[in-house]
Structures are given as C-alpha cells and as structure tokens.
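Put together the whole structure using the sequences plus the hints.
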Amino acid sequence: MTERTSVYRIFWRLPLILWQGAFFVVPVAFLAVMTFWLVKNYRMEPDFILTNWEKTLGRGVFWDAYWLTLWRAALAAVIATAIAFPAAYTLAFRMSERTRRFALFCLIVPFFTSFLVRAYAWQVILAEGGPVNAVLGSIGLGPYVMLNSGFGAMVGYLTLVLPLVVIFQTWGLSAIDRNLIEAAWNLGATPLRTLVRVILPAARTGIFVGAIFAFILTFGDFVSPFYLGGSKPPTLSILIIDTTKSGQQWPRAAVVSMMMILTLFLTSAAALRIAYRGRG
Amino acid sequence: MTEPLVRFHEVKKRYGSAFAVKSLDLDIQRGEFVALMGPSGCGKTTTLRMLAGLEQPTSGTITINGKVMNDVPAHQRDTPLVWQSLALFPFLSVVENVEFGLRMRGIDTADRRERALKWLDRMGLAGFEARRIDQLSGGQRQRVALARSLVTEPEMLLLDEPLSALDAHLVIRMQGVLTKLQRELGITFVYVTHSQSEAFAMADRVVIMGQGEIEQIGNPREIFRAPKTRFVAEFVGRNNILAGPVSGGVMTTAQGPVPVATADGPAQIVVAADTVSLSRDRPAQGPAIQAAFLSEEFAGTVIICYLEAADGTEFKAQVTEAQLSALQPEPGQPFWLTWDASRVHVMKA
Numbered sequence: 005m006t007e008r009t010s011v012y013r014i015f016w017r018l019p020l021i022l023w024q025g026a027f028f029v030v031p032v033a034f035l036a037v038m039t040f041w042l043v044k045n046y047r048m049e050p051d052f053i054l055t056n057w058e059k060t061l062g063r064g065v066f067w068d069a070y071w072l073t074l075w076r077a078a079l080a081a082v083i084a085t086a087i088a089f090p091a092a093y094t095l096a097f098r099m100s101e102r103t104r105r106f107a108l109f110c111l112i113v114p115f116f117t118s119f120l121v122r123a124y125a126w127q128v129i130l131a132e133g134g135p136v137n138a139v140l141g142s143i144g145l146g147p148y149v150m151l152n153s154g155f156g157a158m159v160g161y162l163t164l165v166l167p168l169v170v171i172f173q174t175w176g177l178s179a180i181d182r183n184l185i186e187a188a189w190n191l192g193a194t195p196l197r198t199l200v201r202v203i204l205p206a207a208r209t210g211i212f213v214g215a216i217f218a219f220i221l222t223f224g225d226f227v228s229p230f231y232l233g234g235s236k237p238p239t240l241s242i243l244i245i246d247t248t249k250s251g252q253q254w255p256r257a258a259v260v261s262m263m264m265i266l267t268l269f270l271t272s273a274a275a276l277r278i279a280y281r282g283r284g
Numbered sequence: 307m308t309e310p311l312v313r314f315h316e317v318k319k320r321y322g323s324a325f326a327v328k329s330l331d332l333d334i335q336r337g338e339f340v341a342l343m344g345p346s347g348c349g350k351t352t353t354l355r356m357l358a359g360l361e362q363p364t365s366g367t368i369t370i371n372g373k374v375m376n377d378v379p380a381h382q383r384d385t386p387l388v389w390q391s392l393a394l395f396p397f398l399s400v401v402e403n404v405e406f407g408l409r410m411r412g413i414d415t416a417d418r419r420e421r422a423l424k425w426l427d428r429m430g431l432a433g434f435e436a437r438r439i440d441q442l443s444g445g446q447r448q449r450v451a452l453a454r455s456l457v458t459e460p461e462m463l464l465l466d467e468p469l470s471a472l473d474a475h476l477v478i479r480m481q482g483v484l485t486k487l488q489r490e491l492g493i494t495f496v497y498v499t500h501s502q503s504e505a506f507a508m509a510d511r512v513v514i515m516g517q518g519e520i521e522q523i524g525n526p527r528e529i530f531r532a533p534k535t536r537f538v539a540e541f542v543g544r545n546n547i548l549a550g551p552v553s554g555g556v557m558t559t560a561q562g563p564v565p566v567a568t569a570d571g572p573a574q575i576v577v578a579a580d581t582v583s584l585s586r587d588r589p590a591q592g593p594a595i596q597a598a599f600l601s602e603e604f605a606g607t608v609i610i611c612y613l614e615a616a617d618g619t620e621f622k623a624q625v626t627e628a629q630l631s632a633l634q635p636e637p638g639q640p641f642w643l644t645w646d647a648s649r650v651h652v653m654k655a
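Those sequence lines, one after another, are chains Z and D.
The opening position of the first sequence corresponds to residue 5 in my numbering, with each subsequent residue numbered one higher.
The opening position of the second sequence corresponds to residue 307 in my numbering, with each subsequent residue numbered one higher.
Since the hints were derived computationally from the structure, they do not count as laboratory data.
These numbers were taken from a predicted model, which means no experiment stands behind them.
Glycine included, each C-beta is placed from N, C-alpha and C at the ideal position.
SDA-like cross-link-like pairs, simulated, lysine to any residue; straight-line CA separation at most 25 Å:
1) D/Lys328 x D/Ile370
2) D/Lys486 x D/Asn525
3) D/Lys328 x D/Glu361
4) D/Lys318 x Z/Asn183
5) D/Lys654 x D/Ala569
6) D/Lys424 x Z/Arg201
7) D/Lys373 x Z/Pro195
8) D/Lys373 x Z/Thr194
9) D/Lys424 x Z/Leu184
From the derived model, a few chain D residues whose C-beta atoms are all more than 10 Å from chain Z:
10) Asp331
11) Thr367
12) Ser470
13) Met480
14) Ala578
15) Glu603
16) Gly618
17) Asp646
If the Cβ cut is set under 8 Å, some of the chain Z residues that face chain D in the computed set are:
18) Glu186
19) Trp189
20) Asn190
21) Arg197
22) Ala206
Rendered as structure tokens:
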C-alpha cells in the first residue's frame, strides 16, 4: 500500500520536478557557472576566474543601479499596496459575489495585451503634448515632463503590478471571517480601529503576498524603466542589457543576474516569514 | 414592577419583502436567564443581533435601561455577544483576545492585563495567556470567548448557539459553567438556541419563536406541559395532538371519539408521549385510539415508538425496554394507545 502511494506521489510530482529542473535549476546553475567564464575576442570561454565578480561589484555604476532598483521596487510595492487596498476592500466587503467576480475578471483583462503595448500607450498619454498635460493645461497647470523620469517608470511599474496586487488583497480580505469584524464592533471597536486592529492583521498574508509580487515584478522589469523611465539612471535590468551589448560581456551580466536572484530570494523569504508568522 | 433591562416594542425586521421578525414585544428583566428558542429561520438570531446593534430594526423600538437604542451603533453598546463560531481573533494571543474590549475602552495596559488575567484564572485558564487560539481545545476556546465578553463587566451577555459546535459531553459541562456564571454574576443572559435540552436546562424563561413571531413565553415546565399553540406542542417535547369538535365531553377526532374533560366546541388536546401506553387489546376503559406500529427509536433509557393511525396521523408513545420486549411489535401491527384523561393538556383550537 505504502509502496503504491509513494509511486503515485512521484508520478504526480514528476511534471513539476522535470519542469522546475529543466527550466529553472539548470539555467540558474548554468548562469552561476557562467559568472566565472572568460570573454576573449568577444567570445566566451569556459574558465574559472573571479574577474567578472570583482569588476562588476567593484564598480560604482553597479551599486548605484542596485540601490536605485531596490528603492524603486520597494516604493512601487508600497504605493501599489496602498492604492490597491481601498479597491480590494470595496470588492471584498461592499460588492455582491457576482460583481466581485466580474471585477476580478476585469482585473485580468489588462494581461490580455502585452505589457509593451500598455507602456507605449502610456508614452502617448504622458507625452508633453498628450492628454494629461492638455487637461492640466486647461486649468492653468504644466506642461509637466512626465516621461523619461522616475515618475514615468513608476507609472509603468504600477500598470504592471496593480491588478495583481488588487486580486491578492481581495482574496485575502474575502477570506476573513465576517464574525471577526462584527466581534470587534461588538467589543467596542470603532470602524477605523476595526480596520487597523482586526481587518489588516487578518488579511496580512494576502497583503504581504501582493506586495511581494509587486516587488519581484518591479525589481526585474525592463519595459518601464526603458520605455517610460528613459533608462537613465539605469536599473539593474538595463545594466544587464548594456553589459551584454557592450563587448559581449555575458559573464558580467550573469553576475548582475545572480545578484538580482539572490536579492529577490532573501527579500521574499523574509517577507513571507513575516506574512505567515504566527500561522499554523 | 421594576423597569425591565430590555424592552422590544413592536419590533419588525424586514429583508426585502420577507419578514425575519414580524412584530416582537418582549421584556427582559435584570438578572434573568432568557432563552430564545425556535427552528432555524424563526428570527431568534435576528432578534439577538438587533439587541447587539448588528442589525437595525425596520420599525419599532428597542430600549435598554430605558434608553432607545435604535440609532446607537454596535460599538457604543455594552452588549457583548458570544458567537457560535466564537469569533476569537486568531492573530492575537489568548490574553490579547480577552483584553480586546478593555483596550477599545482605553483602559491602560497594566490594568487591562490584570483584569484579563483575573478572568482567565476564573475560567480555569491560568497559564494559557500566551497561547495562540489554535493551540486550545474546543472547550478552552469557549471559555476564552466567555472571558473576552465578560471582562468589561457588562449588564447582559448575549449568546448565539455557543454550544452547538461542541461534543455532547462538553455541552453538558458548559451548561453547568454557564448557569453557575450567570448566578454568580447576577447579570442577564440572553441565549439563542434551537436545542430544547439547552434551553430547558439553563433558562429561567423560554421564549419560543416561530416564523418571526413569539409563540409562547414561559418557564420550561409550563412550555413543556402546557403548550399554548400547536406550533409549540409540535416543537417541544414528544407530543401527540388530537383535534376536533367536543360535545358532551367527547371529542370527535379523525381517529375516532375520545373522552375529553373540556367545554363543548372545537378543541385540541396534547397527549405527551410519556403518558401514552400501548396494548394489543382494546383497554377496558379510558380513551383509546388505534394505530399501526411503524418503528422504534432508542433514546437512552426509554424507547420512542412511532405509530400511524388509519388517517395517516403519526403518534408517539414512550415505553420502557421491558414493555417493548413484552409487546414484540412488528411493523404494520395494530396497537391501542391509551392515556390518563386527566393528564392531557387542552389547547384552544
């Protein structure tokens, strides 16, 4: 009996193991190995040198890009979490089940078009002679330069992550036992204190998971900083492009990638720990 | 008569076109243990929730301590409720759960901790204060929920089927805990349940509700032995109901003539299953009707026999094990039911 169960277990896990092995573990291992290779006459040669790590991590450009990317990803996660919450709260507590399902479907619709197309759309909307400046101009403001700036990049990041964050938060909030909210009122909590003391702690996991997703997607995004942020100063994703383009420095780009993977791994692990702390 | 703690005056609650509570007039006295009992959908929980301010009445007034409460929001009332699901906060420790109400009232940290610990101790939960809720047993959670509701020393405690999720042996124990607490504290308990045994075991007064209206209010004995309406007679106890016109001390029922000591006119009588005896032959005297045996149900020390009269009416008779083995009933077999005519309860038709 146990033998059969274990065979079944392996059988059902096999696709996941193969997929993760072939398309995640092996490439990452290859990437890690590549960081020690040598580039000679624009061609890579297997080797074991530490130069790529020293040259990359020794440059101020890398660290400027690193802190910029980290800061932007953290900021985008915080802003997305804050903007998404009222929407998720409304969807979870004020809407009927039907409306909620329809709204969640609408939140998936943006993913039907390529993010690149959506970024191009923002280029038109945020342009100096675009509709946003036209509206602001009609009340005597602007024109503002919104493209090719940190603001432009942030608009891109939020376009990418906001629907996902709303979905995660709505799930988190919908799962709260309504009796807990009523119990808080019943014990003398005002609506505001109910939100802070009961709803937020009870929805903590959904809120954190949404924020983690926002952070991960923003941290690695290339489209927003390139097409809307003007690629200067460069983020890590743009640094990778630049490094591969200039002199075929694939191993050094791999170093940047390894640093990104490491950072995402550590931050997500820490955030998930907080998200699930005190949960069974 | 002193002013009641709670007064419902012509309270109605409507959801769309459906009435959850049709028209409720009810006074609840200080220090009373009142049970609201009825089948699901009878409006008992809605009534309790209106008292806590979690639902607003469509019309009518609810007064607590002489003050009209209709527009007082839930968080400004002192009407703690114990939920069926208990609704303990899973992200807070045991003592933080108990402290919650005090914290919301702005009691300072040291004071509220002391009061919470005192209540945990009283509930036999000393040493459990740092536990998480999911590390407690069902009975322990129940007591945390009680401590959380009582820590603010309210004048009344509302309970919404708090024992229905517990194992049978724990229910009996918690009934003891609740009645003892209510006596010691001297506060009002308003207890919603669909369980007759819980209501009758604990309450001073039982309010039977059916379809949004009060059917009868009385102490458990009155309700059990003298149901006012057919609904109550069918809902509580194991009762047989006979109906028909009475003339000269004889009621003409669908099951035949039955002697009844009541005035002429239409009437209904309630014959409790425990006052009915069964026999194969027609008894020499007293009321008797004939019915075919259907099935039996073991109810602990006694057995309930179900029988069907020729017109399809179901009858119940409570017998002992010895009586059952003497009768040896087979399904479909006819029996005579008889009872002591002086022990029947006469209802208005």
